[in-house]
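Position chain P against the provided structure of chain A, taking the given hints into account.
Residues per chain are reported as follows:
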Amino acid sequence: MAITTVPGTTRPPGRREPYPSTRRRAGLGRKVRDNLTGHTFLIGAVVCFAVFSWYPMVRGIVMSFQRTRRGETTWVGWDNYTRIIDDPSFWTAWKNTFYFTVLALVLGYLVPFFVAILLNEFRHARAYLRILVYLPVMLPPASALFLFKFYAYDPSEAGLFNAVLAALHLPTSEWMQSPGMTMPAMVLASTWMNMGSAVLIYLAALQNIPGELYEAAELDGAGIWRRILHVTVPQTRLILALLAMLQIVATMQLFIEPLILANGAGTGDSATSVAYLIYQHGFFQNDLNGAAALGVIMLVVLAGFSAVYVRLTAKQD
Amino acid sequence: MAQDSGTRTLISQAQLERGRGRVIYWTLLVVVVVAFTLVFIGPLYWMVTGALKSGQEIAQTPPSLFPKDPQPQNYVDAWHNLDLAKLLFNTFYYATGAVLFQLVLDTAAAYSLSKLRPIFGNAILGLMLATLMIPAMVLIVPQYVTVIDLPILHVNLLDSPFAIWLPLVANAFNIFLLKRFFDSIPEDLMAAAFVDGATPLRTLWSIILPMSRPILGVVSIFAVTAVWKDFLWPKLVMPSPETRTVSVGIYAFSGGTPMNVVIAASVIAAIPTVVIFLIFQRNIMSGLTTGSLKG
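Sequences listed follow chains A and P, in order. Following the UniProt record's numbering, the numbering of the first sequence begins with 1 at its first residue and continues without gaps. Following the UniProt record's numbering, the numbering of the second sequence begins with 1 at its first residue and continues without gaps.
Note that these hints are calculated values from the structure, not bench results. Some hints could be false.
Distance condition first, Cα-Cα at most 20 Å in a straight line; then the derived EDC-like pairs of lysine to aspartate or glutamate [what the hints assert, rightly or not]:
no., chain 1, residue 1, chain 2, residue 2
1, P, LYS86, P, ASP159
2, A, LYS95, A, ASP269
3, P, LYS68, P, GLU57
4, P, LYS86, P, GLU242
5, A, LYS31, P, GLU187
6, P, LYS68, A, GLU157
The shape of chain A in the complex, shown without the other chains (with noise of 0.2 Å):
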């Protein structure tokens, strides 16, 4: 590992100083001189937050009330807003993105936690299953969807999903070509992809539950459904605030899956998430600064789901 010789931190030999915490009565000199120290070994950190992170922040909303044409930027005032917003796409991307983001909460939210409840009663195989559920948490998104893109939702019988669903004599699908099945088989994939994650933290959740609130549930006469009502989901509950607010905030970023199971908009606008409509306005109608405008409006919305998650969580303690 290369670190560079930081100025400031040799002293001269015999000279015992004191750790910097412990510090008392220190001279202003070497008050100053730790001071430059720590910071010498935060700086590098500091400037790429600084280049990437935060000055981004402030230029994207900067950047939304400006418009740059031929190299030549002006301010524009709400011209990018109203020119996104006019979009036709602008109201279906939100109205697919929360649709995409409702049902990944009743399918991607509550499914890991039933599951994590079941594996936690295992006694056994439970490495095994773990494993398992993390698995797909490791590929590469792109791999995972062109595999379900090309072999699962296949609309004919050829594919997996409706070669299981002919043999069960169930109706087959005809999956992202239909707008109707677009955002479930969406969610599918990325509830596949994306569930293990939750499942080891609810499971980690689960086993600092005293096992005595089990107990004397139990000698209540609580059975089993009531017992995860009553002792498990108080008991997990800002673990579980907490993962809804990370999925909220990670599924309405919606992208590479319309991207590559859809090919972006899908059959009839079906697809079109926000996030690729920011993909598209930058990328395609350069238009970086309706991008940043739109960008804008996902971080407000985001904040507004932040805000009532605060609220929520807050009032509970």
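Just chain P now, with coordinates in the frame of chain A:
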């Protein structure tokens, strides 16, 4: 682990060991093991064997469970037509650099925030953690604009690996993980090193880092998988065919390539992360839960 620590879970151990409970337990266990194997390994099996089928066999109904006439040629075609060796090398190169940059810069920063605690340290930490609240998609456009014309330096980083390495250093989750770990290292140890005349750098190198191997491992593994799985950012900042990552390269070729070849390429692209996972699964899973849980 329930049976290790002896704590009881939803259903008591006694109930699972007796009569009806025992039958239900074993039935459920078998059902779940079979179902999970089908759900999570099944698609991977389908992917690996599907890529061995001929174009004709893929289109056949109902699909065959085993390739009747295996075509390893698909994998060979994928390797040559997409120049996978080049794509894999690029991705590996970016991943290695990302690990080095994150280990050096994030470790130094977390060490400073945890042990040196310079003035404004907490404010800086707060600003770093605040970035966790900003969704990546919101930043993608201004980040791109920044990378094609870096402020002050006016350098264009397109097609340069630094466009992948440096933004990944701005990873508040890593800083948080490392700082939490360093916080748990006793202050006395630091003070002792200091009394012996060790500089902060020496203390970091000889005392802190050797004790932090597990967390450094977790950070490295996450860095590798993040680069391997990332798609949109490398697609934007690595526009030339020579600098693409493997996921982006496969996507770029997916339009004009037979689908069994695309799938064969996807299988090859997935092998490194799956192998990393199978080797380091314990570290990955523990890192995932410690980082997210006890905040």
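A quick look at each hint next to the structure:
no. : hint                   : in the structure
1   : LYS86(P) <-> ASP159(P) : holds, 15 Å
2   : LYS95(A) <-> ASP269(A) : holds, 11 Å
3   : LYS68(P) <-> GLU57(P)  : holds, 8 Å
4   : LYS86(P) <-> GLU242(P) : holds, 8 Å
5   : LYS31(A) <-> GLU187(P) : holds, 19 Å
6   : LYS68(P) <-> GLU157(A) : holds, 18 Å
Comparing the model with each numbered hint stated earlier shows that all of them hold.
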